[in-house]
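Model the full structure from these sequences, guided by the hints.
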Amino acid sequence: MKLLTCPMNGPRNIDEFQCFGPVRARPDPNATADRDWSRHLFRAENRKGIVVEWWRHVPSNYFFLAERDLVSNEIIRTFDAPQLRDRA
Amino acid sequence: MAAGTATRIYPFMPGGAADGTKLASGAVVLSDLTDRPRFGLKGGGSAAWLAAQGVKLPAVNRIGDHRGMRVLRLGNEDILLLAEDAAETLAQINTGWQAATVPKGYSSWREEGWAWMRLSGPDLAKAMSGLCALDLRPQKFGVDDIAQTRVGHIEAVTFRSPTGFDILFDITASAYFARAVAAMAGHIEEHRG
Numbered sequence: 025m026k027l028l029t030c031p032m033n034g035p036r037n038i039d040e041f042q043c044f045g046p047v048r049a050r051p052d053p054n055a056t057a058d059r060d061w062s063r064h065l066f067r068a069e070n071r072k073g074i075v076v077e078w079w080r081h082v083p084s085n086y087f088f089l090a091e092r093d094l095v096s097n098e099i100i101r102t103f104d105a106p107q108l109r110d111r112a
Numbered sequence: 011m012a013a014g015t016a017t018r019i020y021p022f023m024p025g026g027a028a029d030g031t032k033l034a035s036g037a038v039v040l041s042d043l044t045d046r047p048r049f050g051l052k053g054g055g056s057a058a059w060l061a062a063q064g065v066k067l068p069a070v071n072r073i074g075d076h077r078g079m080r081v082l083r084l085g086n087e088d089i090l091l092l093a094e095d096a097a098e099t100l101a102q103i104n105t106g107w108q109a110a111t112v113p114k115g116y117s118s119w120r121e122e123g124w125a126w127m128r129l130s131g132p133d134l135a136k137a138m139s140g141l142c143a144l145d146l147r148p149q150k151f152g153v154d155d156i157a158q159t160r161v162g163h164i165e166a167v168t169f170r171s172p173t174g175f176d177i178l179f180d181i182t183a184s185a186y187f188a189r190a191v192a193a194m195a196g197h198i199e200e201h202r203g
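In order, the protein sequence lines correspond to chains W and L.
The working numbering puts the first residue of the first sequence at 25, with every later residue one more than the last.
The working numbering puts the first residue of the second sequence at 11, with every later residue one more than the last.
Honestly, I wouldn't trust all of these hints.
[Stated by the list, open to error] Okay, derived cross-link-like pairs now, SDA-like style, lysine to any residue, Cα gap no bigger than 20 Å in a straight line: (1) K26/W with E165/L; (2) K150/L with P31/W; (3) K52/L with N33/W; (4) K52/L with V82/W; (5) K26/W with S139/L; (6) K52/L with F87/W; (7) K150/L with M32/W; (8) K52/L with N85/W; (9) K150/L with N33/W; (10) K150/L with P35/W; (11) K150/L with C30/W; (12) K150/L with R71/W; (13) K26/W with G140/L; (14) K26/W with D145/L; (15) K26/W with C142/L; (16) K150/L with L27/W; (17) K52/L with K32/L; (18) K150/L with N37/W; (19) K150/L with L28/W; (20) K52/L with L28/W; (21) K26/W with T99/L; (22) K26/W with E200/L; (23) K52/L with N104/L; (24) K32/L with A143/L; (25) K26/W with A96/L; (26) K150/L with T29/W; (27) K26/W with I164/L; (28) K32/L with K150/L; (29) K52/L with R80/W.
It is worth saying that the hints were derived from the structure and are not from the lab.
Take a look at the structure:
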């Protein structure tokens, strides 16, 4: 069983979670060129490295962030969303 | 029926969606508490409003007590009051909340949206270990702990009650849950050695 640690509920079967994709910058639609806006909407990154993603613990409906290695699929750490804001 | 009052039909009542589904009894007992009073608040202002009424709020995923009610903190701003034996206290809180105009969260409609069932009986531990993947042994899971997890493959909130485990889940899964518990009870009986 693969485990993921929810910052609120602790370690749980990964089956209890849903991934909401990487945290992305949100470009201003009024100030972004069509080409860049199209890229933002329709093209996904496909790179190696570490990604920060939104995850949700479904039974408690708790949203949090996880750092994941895109090559090994290892979850490096999970943390509450305000920590990302504090770090920025 | 008096004018202006509505009679709720709960799933296991005659005419309910799970009418006719049998609840496990014997070594594993499933009881339905869905018609017992409860009130949930959610969203910004919920915790502050309850605290202003004198309700002492526990930490997240812990259970507190307020004048005979159990206070379940399911999130920072997600609180559920269970009033199995304290209907009057709950009614007072509810009336106060309806009348309040300050930020007070919103009703999470737990009295209509969630089923409330209790699992007990001599084979309780075996049944619960088959229905839920978490370690719920007394040394790991205390009387004031809450687990928001899966029980019988559905999303549920579970915690200890004096006779067993209480389980809250989506009311529309009532018949399914009763069948899942009955299947587990049958499995335990079959493999009794």
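Comparing the hints with the structure gives:
1. At most 20 Å may separate the alpha-carbon atoms for a hinted pair to count; K26/W and E165/L meet this at roughly 18 Å.
2. This hinted pair checks out: K150/L and P31/W have alpha carbons roughly 18 Å apart, not beyond 20 Å.
3. Taken as a hint, the K52/L and N33/W pair is honoured in the structure, with Cα atoms around 18 Å apart against an allowance of 20 Å.
4. Between K52/L and V82/W, the direct Cα distance comes to roughly 16 Å. Compliance with the 20 Å bound is thereby established for this hinted pair.
5. The hinted pair formed by K26/W and S139/L meets the criterion: a straight-line CA distance of about 19 Å does not exceed 20 Å.
6. For the suggested pair K52/L and F87/W, the alpha carbons sit about 15 Å apart, so the restraint of at most 20 Å is met.
7. Taken as a hint, the K150/L and M32/W pair is honoured in the structure, with Cα atoms around 17 Å apart against an allowance of 20 Å.
8. Taken as a hint, the K52/L and N85/W pair is honoured in the structure, with Cα atoms around 12 Å apart against an allowance of 20 Å.
9. The straight-line distance between the Cα atoms of K150/L and N33/W is roughly 14 Å, inside the 20 Å bound, and the hint therefore holds.
10. Restraint check for K150/L and P35/W: the C-alpha separation of about 13 Å stays at or below 20 Å, so the hint holds.
11. A hinted pair counts as satisfied when its Cα atoms are at most 20 Å apart, and K150/L with C30/W qualifies at roughly 18 Å.
12. Taking the CA atoms of K150/L and R71/W, the gap is near 41 Å; set against the 20 Å cutoff, the hint is violated.
13. Between K26/W and G140/L the alpha-carbon distance is near 19 Å, which keeps this suggested pair within the 20 Å criterion.
14. Between K26/W and D145/L, the direct Cα distance comes to roughly 16 Å. Compliance with the 20 Å bound is thereby established for this hinted pair.
15. About 16 Å separates the Cα atoms of K26/W and C142/L, which keeps this hinted pair within 20 Å; it holds.
16. A hinted pair counts as satisfied when its Cα atoms are at most 20 Å apart, and K150/L with L27/W qualifies at roughly 18 Å.
17. Under the criterion of a C-alpha separation no larger than 20 Å, the hint pairing K52/L with K32/L is inconsistent with the structure, at around 33 Å.
18. Pair hint K150/L plus N37/W holds up; C-alpha atoms about 17 Å apart against a cutoff of 20 Å.
19. The hinted pair formed by K150/L and L28/W meets the criterion: a straight-line CA distance of about 19 Å does not exceed 20 Å.
20. Taken as a hint, the K52/L and L28/W pair is broken in the structure, with Cα atoms around 26 Å apart against an allowance of 20 Å.
21. At roughly 44 Å between alpha-carbon atoms, K26/W and T99/L are farther apart than 20 Å, so this suggested pair is violated.
22. Between the alpha carbons of K26/W and E200/L the distance comes to roughly 30 Å, so the proposed pair goes past 20 Å and is violated.
23. Using a Cα cut-off of 20 Å, the hinted pair K52/L and N104/L holds, with the two alpha carbons roughly 14 Å apart.
24. Taking the CA atoms of K32/L and A143/L, the gap is about 25 Å. The hint is violated against a cut of 20 Å.
25. A threshold of 20 Å between alpha carbons decides the hint, and for K26/W with A96/L the separation of about 42 Å lies outside it, so the pair is violated.
26. A distance of roughly 17 Å separates the Cα atoms of K150/L and T29/W; the hinted pair therefore holds under the 20 Å criterion.
27. For the hint pairing K26/W with I164/L, the CA-to-CA distance comes to about 18 Å; that is within 20 Å, so the pair holds.
28. Proximity of K32/L to K150/L is assessed by CA-CA distance (about 32 Å); at most 20 Å being required, the pair is judged violated.
29. For the proposed pair K52/L and R80/W, the alpha carbon gap of about 18 Å is at most 20 Å, so the pair holds.
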